[in-house]
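Visitor: Using the sequences provided together with the hints, build the complete structure.
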Amino acid sequence: MGMGGGNHGGTMSEINVTPMIDVLLVLLIIFMVIVPVVPKGLSTLIPQPPKNPDEAQPNDRTIVVQVLANGAGEPSYKINEDSFAKSAIEPKLAEIFATRQEKVMFVKGDASLDFQKVAEVIDFGHQADVDNIGLITPQVEAGH
Amino acid sequence: MTATTAQAGNDRTGQTIMGINKREEGKKINSNINVTPMVDVMLVLLIIFMVITPMIGDKVHVDLPVAAAALSMENANKEDAVTVAVTRDGRTYLGQDRVNTGDLGAKVAARLENKTDKEVFLRADQRANYGKVMDAVDQIRTAGVSQLGLLTEKREQ
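Quick note, the sequences are listed as chains W and E, same order.
Quick note: the first sequence uses my numbering, first residue 1, plus one each step.
Quick note: the second sequence uses my numbering, first residue 1, plus one each step.
Calculated directly from the structure, the hints in this document are not laboratory data.
The structure presented is a predicted model; accordingly, all values stated were derived computationally and were not measured.
Treat the hints with care, as some may be off.
[Said to hold, decoys possible] Restricting the straight-line Cα-Cα distance to at most 30 Å, the calculated cross-link-like pairs of lysine-lysine (BS3-like) are: (1) E:K78 / W:K92; (2) E:K78 / W:K40; (3) W:K78 / W:K40.
[Claimed, not checked] Beyond 12 Å from chain E on every Cβ pair, some chain W residues (computed): (4) E14; (5) V17; (6) K40; (7) R61; (8) G71; (9) N80; (10) E81; (11) S83; (12) K92; (13) E95; (14) H126; (15) I136.
Glycine included, every Cβ here is placed at the ideal spot set by N, Cα and C.
Guide: Okay, here's the thing in structure tokens:
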């Protein structure tokens, strides 16, 4: 019941900090919710068709990583024409590009794959410090 | 008789220092619910949702792939960022609007018309069909875009 108080005759001179703490906790929660929403991503390039198709020179140093679908199973991976296990791709790419100036590679995936499988390869490329990763799409391949 | 009742009252209220001893023991109990804390909490929830809603509402729900080497892309959160989303069932969205894959190129080109940096962000579901993703990329390519940011989740190491 507590109605029989009145014992404190003097004025209470302490500041009541409880509402301030309430407000600060709420602000903390709001900022905790907002901060993780910084978007992360992998930058890629889409090769544009050459202005003059005749000037396009074939480059035998081009690195193309292929992701080949195997039905429902795990996809298989190829760097240019050589097959590699998934775990071997990143070290191999790092080895190839360690001595190169132009860090350019291309990623080509089968249309029936999940996007995650291709995103993993792009991720391997970025881990191997390849700055420019081009996506080869059907239109790029057709040269349009 | 009156003196003993007053004495009993004083005993029950404990020590009376400043002589405030006129408390009525039979005073009615305050039976109103105190709504002030509830209103406080409700207002706070209101503010939280007001802050969060515009950040969540303008995005198509997709399950982004996970990548270890993902870099932060501040520009993707800007108001004028051009974001294309490909969902798990293969539908393509430009911003929040569903578009046919065939029209995507022209619409992206229209949005990029007055911008100097031709950068487009692609939010593709990790289980989206890569063929559909490539179709969207092809369409973006026809808009003259060469910088494409694939938005992912960052894998914590």
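Visitor: Does each hint hold? Answer for all of them.
Guide: Cross-check of the supplied hints:
1. E:K78 / W:K92: 37 Å, violated
2. E:K78 / W:K40: 13 Å, holds
3. W:K78 / W:K40: Distance of about 27 Å is within 30 Å: holds.
4. E14: Fine: 20 Å to the nearest Cβ keeps E14 (chain W) off the interface.
5. V17: The assertion about V17 (chain W) holds, with a minimum of 16 Å to chain E.
6. K40: 4 Å, violated
7. R61: Consistent with the label, R61 (chain W) stays out of reach of chain E, its closest Cβ about 21 Å off (over 12 Å).
8. G71: At about 14 Å from chain E, G71 (chain W) clears the 12 Å cut-off, so the statement holds.
9. N80: Consistent with the label, N80 (chain W) stays out of reach of chain E, its closest Cβ about 20 Å off (over 12 Å).
10. E81: The claim stands: E81 (chain W) keeps its Cβ more than 12 Å from every Cβ of chain E (closest is about 21 Å).
11. S83: The claim holds: S83 (chain W) sits with its nearest Cβ about 19 Å from chain E, beyond 12 Å.
12. K92: 16 Å, holds
13. E95: Since the minimum Cβ distance to chain E is about 17 Å, E95 (chain W) lies beyond 12 Å and the statement holds.
14. H126: 4 Å, violated
15. I136: 9 Å, violated
Violated hints, in rising order: 1, 6, 14, 15; the structure is consistent with all others.
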